[in-house]
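With the hints as a guide, bring the two chains together.
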Amino acid sequence: MSKKPVTQPALHKVIMVGSGGVGKSALTLQFMYDEFVEDYEPTKADSYRKKILLDGEEVQIDILDTAGQEDYAAIRDNYFRSGEGFLCIFSITEDESFQATQDFREQILRVKNDENIPFLLVGNKCDLEERRKVSYQEASDRAKQWGVTYVETSAKTREHVDKVFFDLMREIRARKMEENKTNNGRGKDKNKRKKLKCVIL
Amino acid sequence: MDPTLKLFVSTDFNPDKYVRELSQNCIGGPELVRLRNKVQSLSEETSGKLKRNVYQNYIQFIETAKEISHLESEMYQLSHLLSEQRSLLNSLSNTSVLGDDKPVAVEVVVNSEDNKKQEEEARQNKLTTILEAVEGCSNLLEVSTRSLMHEGDLLELDPMENTPLKRIHGYLFNDGVMLAAWNSNRRGPIRYKFEAFYELGSLAVVNVRDLGNIKYAFKLLAFPDTRLFQSTSNSTKKEWLEKFDQAKKARLTQDQIKRESFAEKSPSRSVSIESPSLNPFEEAEEEVASHPEWLMETPEELDVYVAQRHFEDALTLLHKAQEYFKNYLPHHHQPDHTVLDLKRKVEQRHLAVTEVLMKELEVSPDKSLQGGLRAARRPVGLLNQLGRSTQSCKLFLKLCSSIMRTHCKRVKREGSVIVYIQHLSSAVFTNMCHMTEEFLRAFPNSPSCSSAFIVWASTELSIFTTHFIKQVFITQTTLSTLTECVVLARSQCERLCAYGIDFCYQLDGAFRTPLTRAIRDARDKVTDAIKLRSLEDTWIPTNLKSKSGLARCLQEHAKMDLLLDNYVTGDCWLQLTNNTLSFTKLFLNLLEDCLKLQTSELLYTIDEVLFDILDAQVKYIGQSLRSEKQVEQRQFITKNVDFVLITLISLAQKKYSTVVGFESFGLKRLVKENTALLHGVTPTSRQITKYSSNEYL
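If you're matching them up, the sequences are chains A and B in order. Residue 37 in UniProt numbering sits at position 37 of the first sequence, and the numbers go up by one each step. Residue 402 in UniProt numbering sits at position 402 of the second sequence, and the numbers go up by one each step.
Read the hints as simulated data drawn from the structure, not as lab findings. Some hints here could point you the wrong way.
To be verified - Straight-line distance between alpha carbons at most 25 Å, and here's what the computed BS3-like set of lysine-lysine pairs gives:
id, chain 1, residue 1, chain 2, residue 2
1, B, LYS66, B, LYS398
2, B, LYS6, B, LYS51
3, A, LYS44, B, LYS559
4, A, LYS50, A, LYS156
5, A, LYS163, A, LYS133
6, B, LYS249, A, LYS44
7, B, LYS248, A, LYS44
8, B, LYS326, B, LYS343
9, B, LYS66, A, LYS50
10, B, LYS238, A, LYS44
11, B, LYS470, B, LYS585
12, B, LYS394, B, LYS66
13, B, LYS49, B, LYS38
14, B, LYS215, A, LYS51
15, B, LYS394, A, LYS44
16, B, LYS559, B, LYS470
17, B, LYS619, B, LYS547
18, B, LYS166, B, LYS238
19, A, LYS50, B, LYS215
20, A, LYS163, A, LYS51
21, A, LYS50, A, LYS163
22, B, LYS547, B, LYS596
23, B, LYS639, B, LYS547
24, B, LYS343, B, LYS249
Pulled out of the complex, with its shape left as it was, chain B reads as follows (with noise of 0.2 Å):
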């Protein structure tokens, strides 16, 4: 065997080389069958190894899948404490004594420090230039984070009667609009006289687009003021509608940061206020025009989807940011501090988004599970989107598994065991091929997702067949309930299949052991029921009493495909005992559910249970032949060996070949081991030699 089997496995094994030889070296056929059996043995425990090996890697395949998922979720786990972490840094950074969103800002933007500084000079430079060309407007400077944002020269109108009334110069600063009259007997450096200051919050700008005449026009209302200018041309009249614009939009975001950051952090606030070089907003000023108003809104904006559930535009606007904030970043080497600002709050929001989805798919006790998967796919398409997928897949899986629980806890055990089964792998296997659908289409293309399904799927279906043998593997349940109840789970596994996952291998796998130990069990009931009834018997042909009982018989046992027509002498007698026909059916039952419930793994203990059975048949038949002295006697106990030998065991083959493919050993055994009871007593015309060849082989 060895060295054959190193041959084989060299490299430069050569296969026609190899037959070459051994045809030059063996004389005559039967060594070459010697040979032909020797490699034929070889094959086939090469074969058994290879299935053993493929067995275990697929074992170890779904330990690993297993590990695998486990691990991710840690990592995922890991990952989430430490955005936690950062997020709890960010705001405790943000809270510290140092006042506003500085701490952030510092590491970020040192080189800038030294641009803002010098901006900040010019603005206060700008801003003193101004004190000193206008006559009373000494508070000008009182509020820290005024900037200059445009300045010109207008002609107030009358607004009733469109006349001129002065020559006016105005100011626009961030936080509103100085208008300053031309001082007509000037002195020294102050060309202007103040004349009034409207708050940006309550000023309504209105851009005339006709009044007769007067072009270039445009209106302050500010109550109770109504004030009409002139500029000088259209392109200065509409910069100052723009920079209006700008100056109002700004404004109203950097309220909405300073309620924010009121909010957040109060106490820090004055401390800001008393050294103005540091506060972050006069820099900002001149870039929160620069930013698109969408960008400066998305974190309010995106609060607001949240809150009204539409996630969809929630997520649109996150990625248009993020976006956004990509592309503005590489072409900005030191970014802003309302960036970063915004980023940092778009990130949250991301969190946020992201934690409100899970919940949404958490599985609690108090939430309905009426939606079903369907309710799931929106959040889960939306946690894909945002790059989730693995914990939206922990959650649909869970979701999956209490949807699974309660339509299991529905399928109420009444009646029979095999209505009970059905309606259960029912409810399981329609659920499976459901979810299976939904998982699919909710993650089309990812291979990590698709392992954890099928880790997920195993285990439901470990806890389907564990359920399942409990409560169908009971001593009281007959064997042809429990084939029954085989069959149909089995069927039922197939459906996944149409999915590609084949669970058929695993449900065989969780039946084997208690199925081997069902049909032993099965087979010792009729090995029993064979001693009792042989007991009793009294070797008489079978009395139908009746030709319609006869003829009943008969059909009824070429039902079964076994015409017993040849047995029939005088109208009602049949030349087989009672016995014999009541095991017949016996064992053909138990053929049937044993060739139903056939799978590779169970076809030696299958072969080994027909065997015994028909063994300890023929044994009894064979004693009471030995012990019979009358030779009529003998004759009929014959023809009874004769039909179970020949005639049974020949029905038993033909249904066991077209079930597995080739006929049982054990039954070719028996009929070998046993041709001396026909031989002995009856020398006919039959020839049993036929089934003594291995014509498979």
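Pulled out of the complex, with its shape left as it was, chain A reads as follows (with noise of 0.2 Å):
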């Protein structure tokens, strides 16, 4: 999209991973609204559109807070379809949800076919430190094996929960313009993103 001059600021699609319950929901409302949902109720798929500055550019993101369960996997890949930039959430109170975000990290490679696709471990619900199960040596050792930035939030306090939106952000418009040019450069093999991108045109 940024290749080609549009009305519209740059869009970047930025998709909420994680099992249910780990807060994926709390953290987009709290970087939406600023505000802390407290009561849980489990998210179908809901989408959020934001016109926001990232480092004086004006840009928009694109928000879409997914299932934790999805019964078919044929439309669960099309959610990741859809991104370019990955949030995959767990709780730090909640061993199974880090366990899961090694699945959620492998049916995202596969369906993106991209080893170096804009991602983040977030590590939610750091404001319940006395209710921890998960490390965060643990945590950064599989972020780091995956080659990816690991960070812990709060939804509920706000810690570092713009942090994660941006940095993910900056990923994917690094992304962008690293493509731009070697799409430029020597008319690579459309990858199954490139597609998508053209059928929307």
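Printed below as a string of structure tokens:
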């Protein structure tokens, strides 16, 4: 999109993934509206869009808040396909959710077919330090192994909430710029994401 | 006797009146005493009869209980067989050539057949109208199960710029969504142009919560397309999203049903596809949506729970589902196919859970009993919740038996019999207590199980007593060892009384015959000893050689509550023969054992034995007295007689009555019969008569 001169600012598509109840929606709502929603209601699939200033440049962020569980793998793949960057959330108070990030990572890599897809591993609920089940070391080790950044957030206290979204968008932006270069340079074979864009245009 | 009895038995018997009449008719005390004795003997006889009757009733009760539990288990086997047959019939009807689950539904839903046909017609009409309205969707009717769930006008927006693109008419079917664009140059009925059809299975629906100023929007992600739509109001958007959700869920459950039925009866599938009206799924779809999601997933969830051994969760779910069916069926007179199908499946799972739990409880040689009864708690409790308490009780008791066997086997036969019996009875009764506790915890309010338990415990006890008798009642065992063993077993058995289970009677009953024999054997041994010693008796006072020896002897006897100071002469002489002293010891030991063993049933034997032994000794002394001519020697013998008949017997009577509650008849008779022995030779100041009166009567 960025290569096309458009009236709208650049759009970065972020997907929230992770097990049910880890706080994907809470993070999204905190980022979008600066509010913390305490009561839990499982999400089906919600999308949000917001104009923000990213390093002085006006951009749009499109957040797809996905369901923790999706019965059809094909549908889940469709979510992933539509994303340019991923926030993979788990709850530091729940080891199972941390283990699940492995699956999400694999699915995303399989769908996007791209080892370097913008991706952040996010340990949410870091305000609940006393109930911590996943150590910082353990999580950052996994992030290192994947070659991604690990950030701990709290949707409740807003700690690092903006950071994860902004960091991811920077990655997406950098990635797009790099891609443009290669594309302009030597008309590289179109990957799946490219195809998607073509259709939109 | 007879008329008196009849009088007592008659309904209008008045004791006061009877006594008054008696006292009027009788003249003098002796007459009254005679009558009193008569009444007394009558009462004794009746109480004896009563006892016997109670015992007989008790045995009858046990036998009846056994019979009942036997019958019960047979009934269970029958019901199990029946349910097996039923599931077999069900599966048979499912695999019949007509295909699908139709035959099951046929009987129940005959009346709704017309409805279904109408619905089917309506469905086809609907699709035909769509077919007419939309250009280029001729393959719409190809899928026989397809039906319309929702339709409506939408505005498609550019997913990037959010600018309106075109007007779209959306059709949501149960298997996918069709988008048709408005046809600008309308000709006839064709209003729309077919644009795309997305399968539900791969279509991601996204609720657009916030898109700047764009309201009521949602997105469809169907790779490679991303399409953004705007509906006219919040409620229409909600409706769309809800319908999408419903369709998806219905499809999911349907997929599962298909998968299952495919696995069960794949050959018959093709038939139903050729005749769309016979397919039960079409009608089910509308209703599928009306059932909660959890219900649709119940059979699978149950499988998962059982596989993961989360029986509690399985049970909760099972109950929830059954509750649902119970509430659902009365409200809907013609239960739809889905419910019947689900119900059948849930019932199958119910049986499966029961079976798995029963397996869990079953005793098999390769299964370790390490967990013991504690491990059985969970399956037993769950089976009880499933309403299979009798089966679980049976299995539980079987498990108890096998635990008991292993524990008993572990008790090694080493060292003395007493130690062995101590360990064995402790093992048996500790286990029994433990099992009773567990039983009461597992089956708190179940009379039928309780009777089964009593029968079980009784059987276990007889196994124990049989083993006990084999081990203990052998000729080598002395009476005192035997006594100790029996007392041990009895005291252990009394532990069960704390739980309201009194088996002492059974225990005593089992030991009665061998004990009687053993006591008689002991008597024979003692009388043999008496005969043997009488041949060697020289009738001289005992010389204890020294003062200290005498003191020791006196002390020894004092311990047995015998004061021999009157018999001391000189420094070290005792005016009793060695024979008398050793007999005394022997007799008192025997008495001690007998009193420990005593039960009201054994009392007769004990009495008889005590009498026989003393009689033998006294007869021997009497013989010696008769053949003795010297006065001095006669006096000496009389002293011995006196010791045995007065001192020893009164001591014995004292001991006897403290244990039994009254004095021994046998000993009393002996004293009475032999008073001549004392009188004839020594008309001393001693008052023998005192013992001959029937004081206690």
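Status of each hint after checking the structure:
1. B:LYS66 with B:LYS398: Answer holds: LYS66 (chain B) to LYS398 (chain B) is near 15 Å, not above 25 Å.
2. B:LYS6 with B:LYS51: holds, 21 Å
3. A:LYS44 with B:LYS559: violated, 93 Å
4. A:LYS50 with A:LYS156: Distance of about 20 Å is within 25 Å: holds.
5. A:LYS163 with A:LYS133: Within the cut-off at roughly 23 Å; holds.
6. B:LYS249 with A:LYS44: holds, 12 Å
7. B:LYS248 with A:LYS44: Within the cut-off at roughly 12 Å; holds.
8. B:LYS326 with B:LYS343: holds, 10 Å
9. B:LYS66 with A:LYS50: Roughly 80 Å between the alpha carbons, so the hint for LYS66 (chain B) and LYS50 (chain A) is violated.
10. B:LYS238 with A:LYS44: holds, 13 Å
11. B:LYS470 with B:LYS585: violated, 30 Å
12. B:LYS394 with B:LYS66: holds, 13 Å
13. B:LYS49 with B:LYS38: holds, 17 Å
14. B:LYS215 with A:LYS51: Holds, because 16 Å separates the two Cα atoms, which is no more than 25 Å.
15. B:LYS394 with A:LYS44: violated, 50 Å
16. B:LYS559 with B:LYS470: violated, 35 Å
17. B:LYS619 with B:LYS547: The given pair, whose Cα atoms are some 33 Å apart, is violated under the 25 Å limit.
18. B:LYS166 with B:LYS238: holds, 21 Å
19. A:LYS50 with B:LYS215: It holds: about 14 Å lies between the C-alpha atoms, which stays within 25 Å.
20. A:LYS163 with A:LYS51: Holds, because 16 Å separates the two Cα atoms, which is no more than 25 Å.
21. A:LYS50 with A:LYS163: holds, 16 Å
22. B:LYS547 with B:LYS596: violated, 35 Å
23. B:LYS639 with B:LYS547: Holds - the C-alpha atoms of LYS547 (chain B) and LYS639 (chain B) are around 22 Å apart, at most 25 Å.
24. B:LYS343 with B:LYS249: Distance ~19 Å between LYS343 (chain B) and LYS249 (chain B) Cα, so the pair holds.
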